[in-house]
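Participant: Here's the letter readout for the chains.
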Amino acid sequence: MSETLSTIIEILQDLHEDVDFESETKLIDNKILDSFDIVTLISELSNEFDITIPADKIIPENFNSAQALANMVEELEDE
Amino acid sequence: MLFTDSIFIIGLTLLCIVYFLIPKRFRWMLLLAGSIGFYAYSGPLNLIYMAVTALSTFLITLRIEKMAASAKDTVTAHKSEWSRDEKKAFKEKAKKKRFRWLVLCLVLNFGMLAVVKYGAFTLHNINSVIGWFGGSKRLPVRRFLLPMGMSFYLFQTMGYAIDVYREKYPAEKNFARLGLFVSFFPQLIQGPISRYDDLAKGLYAGNGYDPKRVTLGVQRILWGYFKKVALADRVMPAVTALISNTDQHQGMYVLMGILYYTLRIYADFTGGIDITIGIGQVLGIPITENFNRPFFSKNITEYWRRWHITLGTWFKDYLFYPISVCQPMLKLSKWSREKLGKNVGKYLPVYVSTVAVWFVTGLWHGAAWNFIVWGLMNAVVILISERLTPLYGRFHKKFAWSNTRAYDGFMALRTTFLMGLLRMFDCYLNVPLTFKMFGTMFYKWNPQILWDGSLMKLGLSKPDYLVLGVGVLLLFTASMLGRRGSVRERLWEKSRFLSCCLTVALLLIVVVFGAYGIGYDSSQFIYNQF
Chain A
1 MSETLSTIIE ILQDLHEDVD FESETKLIDN KILDSFDIVT LISELSNEFD ITIPADKIIP
61 ENFNSAQALA NMVEELEDE
Chain B
1 MLFTDSIFII GLTLLCIVYF LIPKRFRWML LLAGSIGFYA YSGPLNLIYM AVTALSTFLI
61 TLRIEKMAAS AKDTVTAHKS EWSRDEKKAF KEKAKKKRFR WLVLCLVLNF GMLAVVKYGA
121 FTLHNINSVI GWFGGSKRLP VRRFLLPMGM SFYLFQTMGY AIDVYREKYP AEKNFARLGL
181 FVSFFPQLIQ GPISRYDDLA KGLYAGNGYD PKRVTLGVQR ILWGYFKKVA LADRVMPAVT
241 ALISNTDQHQ GMYVLMGILY YTLRIYADFT GGIDITIGIG QVLGIPITEN FNRPFFSKNI
301 TEYWRRWHIT LGTWFKDYLF YPISVCQPML KLSKWSREKL GKNVGKYLPV YVSTVAVWFV
361 TGLWHGAAWN FIVWGLMNAV VILISERLTP LYGRFHKKFA WSNTRAYDGF MALRTTFLMG
421 LLRMFDCYLN VPLTFKMFGT MFYKWNPQIL WDGSLMKLGL SKPDYLVLGV GVLLLFTASM
481 LGRRGSVRER LWEKSRFLSC CLTVALLLIV VVFGAYGIGY DSSQFIYNQF
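Chains A and B are the protein sequences, given in the same order. Just so we're aligned: 18 in our numbering is position 18 of the first sequence, and the numbers increase by one with no gaps anywhere. Just so we're aligned: 31 in our numbering is position 31 of the second sequence, and the numbers increase by one with no gaps anywhere.
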């Protein structure tokens, strides 16, 4: 597991401790994360990785799993 | 023009017949002509506002798309010469230029709405402030007539412009086709606020006649008419009586008013949307659902995910998220983390954005303080509910009975009542009066009105109450049955004959139980005024 992914899982666990974020792949589709969680998460990711997540990146494909989030973060770090 | 006007019903029937008779490629043009005719009937001048919106959006989105393509070509052309930082800087600069065009589109269009809808309200408030400071001069206040459905088609079109800027889909190259997306007539009364990628395909497909689809569509239209004319219009006199004589109608009357108004707004708004979606279904144009059994919600957050869904998602995607993740907000978050602690910094953006979005949601509903207060009260309840979430979690873990269906039912009733309470601002249209009437529920003890015949003096007779009671029972039953999918669809699959019987039965119910009578004039849809 990459360092980015494990940090993201830690942040997610802080939001919902009862969810298995390592295996869950439908965080948005199954309504596990709501809009409040998403904004809190963005604030945490921006702070942790020193990135800017623009509004057009807030789509289900980028937030449905911890791995998708990690991919997005790494992509934004590379830009 | 209303859905309930005979000219609309005749026009719609003719349009549907011609739609299926003409070649596929001309069908969207017929819809455009019908939409323009429908809108012109509401006031020819209104077409000018709509034309400005359609034309400005058409030209600006094409420009944005062209700029994006040109920027990509430039990057590709300099792929080997430019460093990563140079490419990044160029992309950012190009995006900023596109953003300026988007801002122009938004300012122009929302500016029109601001002047027409909020101009008088703003000037009136400025005059009040001048008065408070002892000034004698007043700014001249000019009121404009709000073009029908402007808040709906404008939001829909601006959503399209933002999506093109975000490169979610390509811009429409044909002005007339975009014009149809902006003006599609069933949505002009009270929405829903559709997304281009959801609606456009159906609009231009020109789907042919399909007996199943047409039957189910007609049933949905009739169900909508039933809600509107048999329930919403029928309960209307009682709502009017209660709000027009507030000195007499206090205490228990206020509680009854909440129930009447809740029924009225639900039947009115969902009924209108049923008619809209039903028309779409007849024509083979899928229209986004705007409700998902909202009165079964366990809390207010869930309620707002199920009531006026398209407005909620519009605000979420185009206002809530952009505000929450904008640079000033992230700076505020960072600052509060350092100064006020990690927890405050973590939640501050979401709380500030929630209040801002609900302020705008209130304003969207009307240029008046009662709507603004209504919006802010929603924000307060949602934020309190959010803060109490861990407590609820512990409560449900500790008490097993709180996880039963009965307790779910209690939570749904509680949410419905709470929403009804908040709607008092919308009902009484006056903030101090709303608080006063709310207060009378606690000190004006008059439960006898429930049985001494007082409720019969509100413009509703025993047969009216009977129709309303049976109607509510029907709504509840339909909602319960609808949990396992479309009732109409299941009935069609089971028996075509029974499905036809349902159509006839619905038609009879609308004709027999509609609140007609001498001098009948169906009231305007509530959301049409927003």
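A few of these clues could be false.
Stated by the list, open to error - Counterexamples of contact, computed for chain B against chain A with all Cβ distances above 12 Å:
hint, residue
1, Ala-120
2, Trp-132
3, Leu-332
4, Gly-345
5, Gly-459
6, Trp-492
Stated by the list, open to error - Part of the chain B face toward chain A, derived, beta carbon under 8 Å:
hint, residue
7, Asp-85
8, Pro-170
9, Tyr-321
10, Ser-324
11, Lys-331
12, Lys-334
13, Lys-346
14, Pro-349
15, Ser-353
16, Met-441
17, Lys-444
No lab work stands behind these hints, which were simulated from the structure alone. None of the values given here were measured: they were computed from a predicted structure. Don't be surprised by glycine CBs; every beta carbon is placed ideally from N, CA and C.
Participant: State for each hint whether it applies.
Facilitator: Quick rundown of the hints versus the structure:
{"no.": "1", "hint": "Ala-120", "verdict": "holds (32 Å)"}
{"no.": "2", "hint": "Trp-132", "verdict": "holds (37 Å)"}
{"no.": "3", "hint": "Leu-332", "verdict": "violated (10 Å)"}
{"no.": "4", "hint": "Gly-345", "verdict": "violated (7 Å)"}
{"no.": "5", "hint": "Gly-459", "verdict": "holds (42 Å)"}
{"no.": "6", "hint": "Trp-492", "verdict": "holds (29 Å)"}
{"no.": "7", "hint": "Asp-85", "verdict": "violated (10 Å)"}
{"no.": "8", "hint": "Pro-170", "verdict": "violated (15 Å)"}
{"no.": "9", "hint": "Tyr-321", "verdict": "holds (5 Å)"}
{"no.": "10", "hint": "Ser-324", "verdict": "holds (4 Å)"}
{"no.": "11", "hint": "Lys-331", "verdict": "violated (10 Å)"}
{"no.": "12", "hint": "Lys-334", "verdict": "holds (7 Å)"}
{"no.": "13", "hint": "Lys-346", "verdict": "holds (6 Å)"}
{"no.": "14", "hint": "Pro-349", "verdict": "holds (5 Å)"}
{"no.": "15", "hint": "Ser-353", "verdict": "holds (6 Å)"}
{"no.": "16", "hint": "Met-441", "verdict": "violated (32 Å)"}
{"no.": "17", "hint": "Lys-444", "verdict": "violated (39 Å)"}
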